[in-house]
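Single-letter residue listing:
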Amino acid sequence: MKLSKSFRTLVLASTATFGLSLAAQAVTVSIMCGTVGQDQTQCKNGADAWAKKTGNTVKIVSIPTSTTDILALYQQILGAHSTDVDVFTLDVIWPGIIGQDFIDLAPFSKGAQKDHFPAIIANNTVDGHLIAMPWFTDAGLLFYRKDLVAKYKLQPPTTWAQMASEAATIQAGERKAGNAKFQGFVFQGKAYEGLTCDALEWVDSYGGGHIVNKAGHITINNPKAAAALTEAASWIGKIAPEGVLNYAEEDARGVFQSGNAAFMRNWPYAWSLGNGKGSAIAGKIGVEALPKGGASGKNTGTLGGWQLGVSKYSKNPAAAASLVMYLTSAAEEKRRAIEGSYNPTRPALYKDPDVLKANPFMGQLLSTFTNAVARPSLETGGKYNQVSTAFWNTVHDVLSGRTKADVALASLQGQLKRIRKASWK
Amino acid sequence: MARPQSELLRARTRTAWVFLAPMLIVLALVAGWPLIRTIWFSFTDANLGKMSQAKFIGFENYYASFGGILQDPDWWRSVWNTVWFSVVSVSIETVFGMIVALLLNVDFKGRGFVRAAVLVPWAIPTIVSARMWGWMLHDQFGIINDMLERAHLISGPVAWTADPRLSMWSVVFVDVWKTTSFMALLILAGLQLLPSDCYEAARVDGISPIKVFFRVTLPLIWPALIVAVVFRSLDALRVFDLIYVLTSSAKETMTMSVYARQQLVDFQQVGYGSAAATLLFLIIAAFTALTLIATRSRASEG
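Sequence order for the protein chains is C and U. Residue numbering for the first sequence follows our numbering, starting at 1 and increasing by one per position. Residue numbering for the second sequence follows our numbering, starting at 426 and increasing by one per position.
Any given hint could turn out to be false.
Claimed, not checked - Taking lysine to aspartate or glutamate and the EDC-like style, the derived pairs with C-alpha atoms no more than 16 Å apart in a straight line are:
1. C:181 <-> U:571
2. C:421 <-> U:470
3. C:417 <-> U:497
4. C:52 <-> C:332
5. U:676 <-> U:499
6. C:181 <-> C:242
7. C:214 <-> C:379
8. U:676 <-> U:691
9. C:421 <-> U:485
10. C:292 <-> C:231
11. C:181 <-> U:574
12. C:425 <-> U:470
13. C:334 <-> C:115
14. C:421 <-> C:354
15. U:475 <-> C:101
16. C:334 <-> C:354
17. C:224 <-> C:101
18. C:357 <-> C:339
19. U:676 <-> U:497
20. C:417 <-> C:379
21. C:421 <-> U:497
22. C:425 <-> C:127
23. C:53 <-> C:332
24. U:676 <-> U:588
What the hints assert, rightly or not - A few chain C residues facing chain U, derived, Cβ under 10 Å:
25. 75
26. 78
27. 79
28. 191
29. 385
30. 393
31. 422
Derived from the structure by calculation, the hints contain no laboratory data. Computed from a predicted model, the values in this text were never measured in an experiment. C-beta atoms are modelled at their ideal positions from N, C-alpha and C, and glycine is treated no differently.
Next comes chain C alone, as it looks inside the complex (with noise of 0.2 Å):
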């Protein structure tokens, strides 16, 4: 009995201290890889060579393609301290909604921070915590079917005007020519933070402003935010299909790379799945930057591009940061780039040489992407979503046509001014 008992405590301890052992040595990860075209599966190339370099599992959790669907998931994930998942995507509005639930990375980036881009690193620096590291980084481009706008003999644009018109005289060609679901121009005009991103753009190619300055004052309803807005209204149901104002990205993408459009916004993913394989438009696609609002007006894209963070609740914090620093080296964004268009955080790689035969753009728009335009998210901290949530309500009433443009910003501010209360925070 007693032998026993001791030969059972021995048994125990021995594969306590094994199991302990192999616990240091090897863990699973959990990472949240989004699921917009290549995401997915350059995540998981990227998250399987750390695996097998350090011995470690990776597990991938495939999150929604919607942003706002992808932020109300996190929320109730970190709401509930869960440990399930070690390494969260976030989007480069989210620091200031979510920021508080992620560790400091500092601790783990060896200095790391100094080699991207500081516009970032400010952006995803919450409390003086480095609560993320950047992954890529995004702005809004114009891609245009080089071979159409040739054989049109048209000129890239360069305002919204031009675009529009060029749009009509493909479509109406195309359509002739035979294909009657040919498109001008798409782009994301669907309710949620994408139409956001978008007709941020065209309020600023215009220089209508930023919705809510730097120093927190509401500032969205001028005349120039409204001649942006009644330009785009007048695209749907003539070179853009009515169906746009339900599309995302990805059904952007599907109809230009199909061959059904002239012009598509969106972001820089679309270069490298666009001229891949089943592609029926590789090697027809030219890119440029979003065009100016008027003469007077600028070229423009909004921000956008994706953060590695680690959660707060994780059970392995130490490898879990491993795994963001290994995802957001030099090498790993060097692949992505080359792989999936997807764009560097860290400026030396827009000289590469490789890089830049993969993506003749980047280094063409690199002021594209170094002086792209932040939504308001750090001045309006934790009801940024609700600031673009009534802004993107408003543009949505304007497009389908059931509010004139000034009218709608003039009811905006009144909206953003109850949103606010007495301050933003």
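Go by the hints and put chain U onto chain C.
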């Protein structure tokens, strides 16, 4: 003599309470506690990100100088949407359910199979059927547009769930598709209890079937029909999954539940969202109380 009896009565009452206790405790834990917590949160400025810092703010979530929920036009719009959705969908379902039930009440070959088949839409989880309809109604690659275009009924793709003039009707359509069978089943149960002698008498007198329906069938199944309508209305008033999957948080189809979720989760305003949830609870409670009173007085009349 009275004493031992009351002793027995007391013992019985005690036993009854002992038997009831587990259920009461479970109810208090799973229904009472969350409800009270939600009502409490509705009087605070709780935020999902920092729940521990919630402060009591009285009725400010409901009515305040900066605007509470009762001053929010979006809230009233979602109340209107919910009522509209409930009235329209339940009415259509009642009429269709009645037709299906009358058909299934007739004896024919393979009736058992048809009865089971009718229940299929109801058996599919709402989230699955809503997703399925979402794809079928998609403007570019949806099968509905494809079929209508092939039949030359529409000239271009119709954005069923995006077009503000159509999205509410699309939602109602999917709801009718799903719950008509439930309605039919409840009405069928009522139909099967009807005595056959009334019908025999009617047949002998040579009364037209339509008259038989309105003079005999309808009054007899009225109680069963009312129960079915109340069940469905309560369900429709708190509709969430179907609408959230088909049109997410679009204003045109936003119901009270979708509004509460958006405030709670998307905007992290636990306090304000709880106020919306509390109002939703009060509205449904009032509706239930009204129907209970109405049916009770009717029963006592009878």
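Hints versus structure:
Only pairs whose Cα atoms come within 16 Å are accepted, and residue 181 of chain C paired with residue 571 of chain U is accepted, the gap being roughly 13 Å. Restraint check for residue 421 of chain C and residue 470 of chain U: the C-alpha separation of about 13 Å stays at or below 16 Å, so the hint holds. As the CA atoms of residue 417 of chain C and residue 497 of chain U are separated by approximately 13 Å, the hinted pair is consistent with the 16 Å bound. Of the supplied pair hints, the one linking residue 52 of chain C and residue 332 of chain C holds, its CA atoms being roughly 14 Å apart against a limit of 16 Å.
As the CA atoms of residue 676 of chain U and residue 499 of chain U are separated by approximately 8 Å, the hinted pair is consistent with the 16 Å bound. Using a Cα cut-off of 16 Å, the hinted pair residue 181 of chain C and residue 242 of chain C holds, with the two alpha carbons roughly 12 Å apart. For the given pair, residue 214 of chain C sits about 6 Å from residue 379 of chain C by alpha-carbon distance, which is consistent with the 16 Å threshold. Of the supplied pair hints, the one linking residue 676 of chain U and residue 691 of chain U holds, its CA atoms being roughly 15 Å apart against a limit of 16 Å.
Distance check on the hinted pair: residue 421 of chain C and residue 485 of chain U sit about 12 Å apart at the alpha-carbon level, within 16 Å; holds. Restraint check: the Cα-Cα separation between residue 292 of chain C and residue 231 of chain C comes to about 12 Å, which is no more than 16 Å; the hinted pair holds. Taking the CA atoms of residue 181 of chain C and residue 574 of chain U, the gap is near 12 Å; set against the 16 Å cutoff, the hint holds. A distance of roughly 13 Å separates the Cα atoms of residue 425 of chain C and residue 470 of chain U; the hinted pair therefore holds under the 16 Å criterion.
As the CA atoms of residue 334 of chain C and residue 115 of chain C are separated by approximately 14 Å, the hinted pair is consistent with the 16 Å bound. Between residue 421 of chain C and residue 354 of chain C, the direct Cα distance comes to roughly 51 Å. Violation of the 16 Å bound is thereby established for this hinted pair. For the proposed pair residue 475 of chain U and residue 101 of chain C, the alpha carbon gap of about 10 Å is at most 16 Å, so the pair holds. As the CA atoms of residue 334 of chain C and residue 354 of chain C are separated by approximately 8 Å, the hinted pair is consistent with the 16 Å bound.
Between residue 224 of chain C and residue 101 of chain C the CA atoms are separated by roughly 39 Å; this puts the pair beyond 16 Å, and the hint is violated. This hinted pair checks out: residue 357 of chain C and residue 339 of chain C have alpha carbons roughly 11 Å apart, not beyond 16 Å. At roughly 13 Å between alpha-carbon atoms, residue 676 of chain U and residue 497 of chain U fall within 16 Å of each other, so this suggested pair holds. About 14 Å separates the Cα atoms of residue 417 of chain C and residue 379 of chain C, which keeps this hinted pair within 16 Å; it holds.
About 14 Å separates the Cα atoms of residue 421 of chain C and residue 497 of chain U, which keeps this hinted pair within 16 Å; it holds. Taking the CA atoms of residue 425 of chain C and residue 127 of chain C, the gap is about 14 Å. The hint holds against a cut of 16 Å. For the given pair, residue 53 of chain C sits about 13 Å from residue 332 of chain C by alpha-carbon distance, which is consistent with the 16 Å threshold. For the proposed pair residue 676 of chain U and residue 588 of chain U, the alpha carbon gap of about 12 Å is at most 16 Å, so the pair holds.
The beta carbon of residue 75 of chain C comes within 6 Å of a beta carbon in chain U, closer than 10 Å, and the hint placing it at the interface holds. Look at residue 78 of chain C: its Cβ gets to within about 9 Å of chain U, closer than 10 Å, so that hint holds up. Because the smallest distance between the Cβ of residue 79 of chain C and any Cβ of chain U comes to about 6 Å, under 10 Å, the interface hint for this residue holds. Nearest Cβ of chain U to the Cβ of residue 191 of chain C: about 6 Å, under the 10 Å cut. The hint holds.
The criterion of a C-beta within 10 Å of any C-beta in chain U is met by residue 385 of chain C, whose closest approach is roughly 6 Å, and the hint holds. The interface hint given for residue 393 of chain C is met, as the beta carbon of that residue sits about 6 Å from the closest beta carbon of chain U, less than 10 Å. At about 8 Å, the closest approach between the beta carbon of residue 422 of chain C and any beta carbon in chain U falls short of 10 Å, and the interface hint on this residue holds.
Checked against the numbered hints listed earlier, the structure breaks hints 14, 17; every other hint is satisfied.
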